[in-house]
Structure formats: structure tokens, C-alpha cells
Amino acid sequence: MFRLQGSKTLAVDLTGDAVKAKNGSMVAYDGRMAFKKMSGGGEGLRGMVTRRLTGEQMEMMEVKGQGTCYFADRASEINLVSLHGEKLHVEASNLLATDAGLRTGTTFTGLRGGASGNGLFTTTVEGTGQAAIMSDGSAVVLRVTPQYPLNVDPGAYIAHQGRLQQHLQSGVNFRTLMGEGSGESFQIRFEGDGLVYVQPSERNTVGGDV
Amino acid sequence: MSTPVIFDPMTLPSDDNVNSYTFCVELKGSQWFLQKGKMIAYYGQIDFNGIGHGRFERLVRTSFHSPLHASDWVVAEGSGKMLLADRAFDVNSFDLEDGNLTIRSGNLLAYQPTLALKQSIVPGFLTLIGTGKFVAASNGPVVFMEPPLRVDPQALVGWADCPSPCHHYDHGYMRGVMGGLRSLTGIGGTSGEEHQFEFVGAGTVLLQSTEVLMPEQATGAVPHEPGVPGGGGQHGSTPRMPGQLGDLQRRFGL
Numbered sequence: 001m002f003r004l005q006g007s008k009t010l011a012v013d014l015t016g017d018a019v020k021a022k023n024g025s026m027v028a029y030d031g032r033m034a035f036k037k038m039s040g041g042g043e044g045l046r047g048m049v050t051r052r053l054t055g056e057q058m059e060m061m062e063v064k065g066q067g068t069c070y071f072a073d074r075a076s077e078i079n080l081v082s083l084h085g086e087k088l089h090v091e092a093s094n095l096l097a098t099d100a101g102l103r104t105g106t107t108f109t110g111l112r113g114g115a116s117g118n119g120l121f122t123t124t125v126e127g128t129g130q131a132a133i134m135s136d137g138s139a140v141v142l143r144v145t146p147q148y149p150l151n152v153d154p155g156a157y158i159a160h161q162g163r164l165q166q167h168l169q170s171g172v173n174f175r176t177l178m179g180e181g182s183g184e185s186f187q188i189r190f191e192g193d194g195l196v197y198v199q200p201s202e203r204n205t206v207g208g209d210v
Numbered sequence: 001m002s003t004p005v006i007f008d009p010m011t012l013p014s015d016d017n018v019n020s021y022t023f024c025v026e027l028k029g030s031q032w033f034l035q036k037g038k039m040i041a042y043y044g045q046i047d048f049n050g051i052g053h054g055r056f057e058r059l060v061r062t063s064f065h066s067p068l069h070a071s072d073w074v075v076a077e078g079s080g081k082m083l084l085a086d087r088a089f090d091v092n093s094f095d096l097e098d099g100n101l102t103i104r105s106g107n108l109l110a111y112q113p114t115l116a117l118k119q120s121i122v123p124g125f126l127t128l129i130g131t132g133k134f135v136a137a138s139n140g141p142v143v144f145m146e147p148p149l150r151v152d153p154q155a156l157v158g159w160a161d162c163p164s165p166c167h168h169y170d171h172g173y174m175r176g177v178m179g180g181l182r183s184l185t186g187i188g189g190t191s192g193e194e195h196q197f198e199f200v201g202a203g204t205v206l207l208q209s210t211e212v213l214m215p216e217q218a219t220g221a222v223p224h225e226p227g228v229p230g231g232g233g234q235h236g237s238t239p240r241m242p243g244q245l246g247d248l249q250r251r252f253g254l
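Protein chains in written order, with the numbering used here: chain A, 1 to 210; chain B, 1 to 254.
These are computed hints drawn from the structure, not numbers from a lab. Predicted model only: the values in this text are computed from it and were never measured. For each residue, glycine too, the CB sits at the ideal point set by N, CA and C. Treat the hints with care, as some may be off.
Which residues of chain B face chain A? A partial, calculated answer using Cβ under 10 Å [claimed, not checked]: (1) 9; (2) 12; (3) 79; (4) 83.
Computed list of chain A residues with no C-beta within reach of chain B, every gap over 12 Å [to be verified]: (5) 18; (6) 32; (7) 100; (8) 143.
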């Protein structure tokens, strides 16, 4: 059972079950807990090799026991996401914890990843349960519907869920090449039905200066 | 479990804060000036164009008077709602009514073209004149104070209406040879608060609640002419060592 203790600490109540969390993110616990490093995030040998190859590194541990365990990471704001069978795409660096029942994996994001400064691959979380994602400053959750597509700055994107198509939109034109770029030349356009999480801060991206 | 608020184009506020770090601007065929890279997401049809663009010549002529600054700003136009944010700093919007406000250049995020942006005489600051709304970021919430007042240089965000911003040095501390030596070397302990900005007269001073500065946005060099602060016209003075304060040490014979 995930709950927030303040906005920057995640408290998980465990009754003999397990939870997957980012390695080293435990800040306190009461009760009895066992921490086990999960090689390859519990995705098996194939997942391990994929992660190594794609550079979408994710060090996870499995926490099991009775009591309450608290997680936090560099005072990032934490957002809870409930999944009911759908798929959540999140940058590996923004994933804090997931229910043990959720499957994690890696997918190719296409060109978008190259512009967001996070590599060409992203982490997926799938199944039914809860996940906790981190953002620099409180995240804003935006709904995308077929009538209202959304454009997001690659540096501010952290996660999305639902049936969404994304493509990279480039506004590079002759003016960019003349040094009169708008600074917003690259955007990810989301279309379809789902939710997009953005953070009020931009990572340094390749596209950010153009 | 707390369910997060989910926004869509209908529920997003119009020209108001979404949370303390994010501001939503509604465009209805209108234009906004914004600093490069501060847009995080938008709904609708919005174009971003650099300011050097010929189509904006008239707009730039009336509301943008900092030519050396032009490459840091873009014009957003179209219709829709866009979200602005800056490195997870607090953002706030302010309304000016036929007024003026001077702000540290790195703190200004966006403004309506009904305001005119000018480079301040004080280096590193920008002045907004006119009527309209602008969005500024600060590290921690902004505090409003009334002059007469002395503020720490790092905590200053901006000021409105105050006619005479100036430096203030604690003179007593630096009196005598020992004092001069102390201020020069830092040995003997300095409190770090010997230098302040002083404001007198009617107006408002805006402070942020931390002394961590936001990275400064270069506002361009000032033109090289006599009478312009920092613009040369001075005869070769020796470069100052860190810790030296103004020309006080010269007065004390150091």
C-alpha cells in the first residue's frame, strides 16, 4: 500500500509482501525488512542484457517484510500512479518504486528519446498496482484526448500512460540555422487518449539550445 | 492514496498558477514574450518564433528595447494554453498598471507585449514599463517590502517605483588600518553582511527567501560611452582583487 508522507517521502505499508524500489532509496523503516538487490531489475537475463545494451540502466532492489518502509531520493517530489492493466512509460531515472506485481521492461522510444537527453529507450511498467514516479518540483498531470493533442518539451517530460502515439515535432527552419532559433524547436506531440506527466523544470537536452 | 489532479484544456486555469512551480498562459490569438526554453507543454496551436524575425518588427519596436538580449527571447502566438516553468523555482505573475518594475534579468520568464521591456541602468536588471501581466520566477516565495530598507544583494529580486537604488557599505566596520586589512583579506572574520543595497522613497522591493541566486542571463554589454555605468569612459584603473570594496581602501591608504 503506497502513500505519501509529505510530498517528498513515500511510505509503503508491507504485510509480508514485497515492493520494488530504486536501489538505495530507503530512508527509514519500522518493523522487519529484508533488502535484496535485484540483478537487472528482476527482468531476468534477457532484461539485464537489454538494459545494458540500451543504456536504460535501472538499479532496483526488492524490499520484503512486515511494517512500514520509507523511500525518498534527492528531495524529489513523488507522484503516485495507479495502474489497472495499462502500461506506464517512464524515464528510468524518474522511477522510484513499483508494486512487486508490476512488470518492468524497456522499449524503444524512437527519435523522441534522443532529444530528451535520456537515451533512445524508456522503461515501461505494466500490470495492476501502484507505482511512484519522481519529478523535480510537483508534476503536472495533463490529459490528452483525440480533440486535444498535447505538445511537451522533451526536457520536461517524465512519464505517460494510456493509448498515446508520440512523435517528435521539429520546428527547425532556416532561421534556426541563422542563430535565431526559438529555443522550442523540438517538441513531443502526444495524440490519442491518456495522461502525460510533466515536471516544472527542464533537463539539459540536445534540442534545448536550438 | 492521494489522487493527483488531472488537468485538461478546460480545467487548466487561464493566466494563473497551476501549482506554485507552474504557470498557465492562455493565448487567444494574442502574443506573449517568453524567455527561451521556459515552455514545458502546450495544448492548441501555438507558434514560437525568435525575435529577429521580420514579421515581429512592429511588436519588437513597441515592446522590446533590449537589442542585445533579443536572442534569449521568443514570441509565442496562436491560440491554446501553455505551461511555463523554470527549474522548479516558484513562479508568480504580477500585474502592472501604468507602472514600472525593475527585475533581475534571470528571474523574468514571460510578459505581455502591452508592457515594454527595457534594459535597466543597473547592470543585470531589466525594467518593464506600462500596463500588463508578467511572470517571474524566484527561489522560494517572493516577499514584498516597503522602503526605506537595506537588502542583501543576493536576495534582491526586483523593485518598483523606488527612485534611488544604491549600494551601502557598513563604514564603521572597515574603519582604520585593521578594518581595511580585514576587509581586504577576510582574516579576522567578516560577517558577510557588510554590503547591502539600499532603497529609499516610495515604492516596493521584492525579495526572495534565499540567497541562492538564479543564474544570471547576460543582458548584453552596455554601450561604450562616457556617462554609461560600466560602459567605459574611465581611465585605466587597476583590476580589483576579490574582497576589495569600491575605492574605500584608497581612502584608507591601503
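Restraint: residue 12/B near chain A, CB-CB cut 10 Å. Satisfied or not?
Holds: closest Cβ of chain A sits about 8 Å from residue 12/B, inside 10 Å.
Going by Cβ atoms only, is residue 79/B closer than 10 Å to chain A?
Violated - the Cβ of residue 79/B stays beyond 10 Å from chain A, reaching only about 12 Å at its closest.
Reported absence of residue 32/A from the contact zone with chain B (all CB gaps over 12 Å)
With a cut-off of 12 Å, residue 32/A remains clear of chain B, as the shortest Cβ separation is near 24 Å.
Verify the interface restraint on residue 9/B: the C-beta must sit less than 10 Å from at least one C-beta of chain A.
holds, 5 Å
Is the Cβ of residue 18/A more than 12 Å away from each Cβ in chain B?
holds, 19 Å
Hey, is residue 143/A genuinely clear of chain B, shortest beta carbon separation above 12 Å?
violated, 4 Å
Is it the case that residue 100/A keeps its Cβ farther than 12 Å from each residue Cβ in chain B?
Its Cβ never comes within 12 Å of chain B, the nearest being 17 Å, so this holds.
Agreement of hint residue 83/B with chain A interface, Cβ distance less than 10 Å
holds, 6 Å
Violated hints, listed in ascending order, are 3, 8; each of the other numbered hints is respected by the structure.
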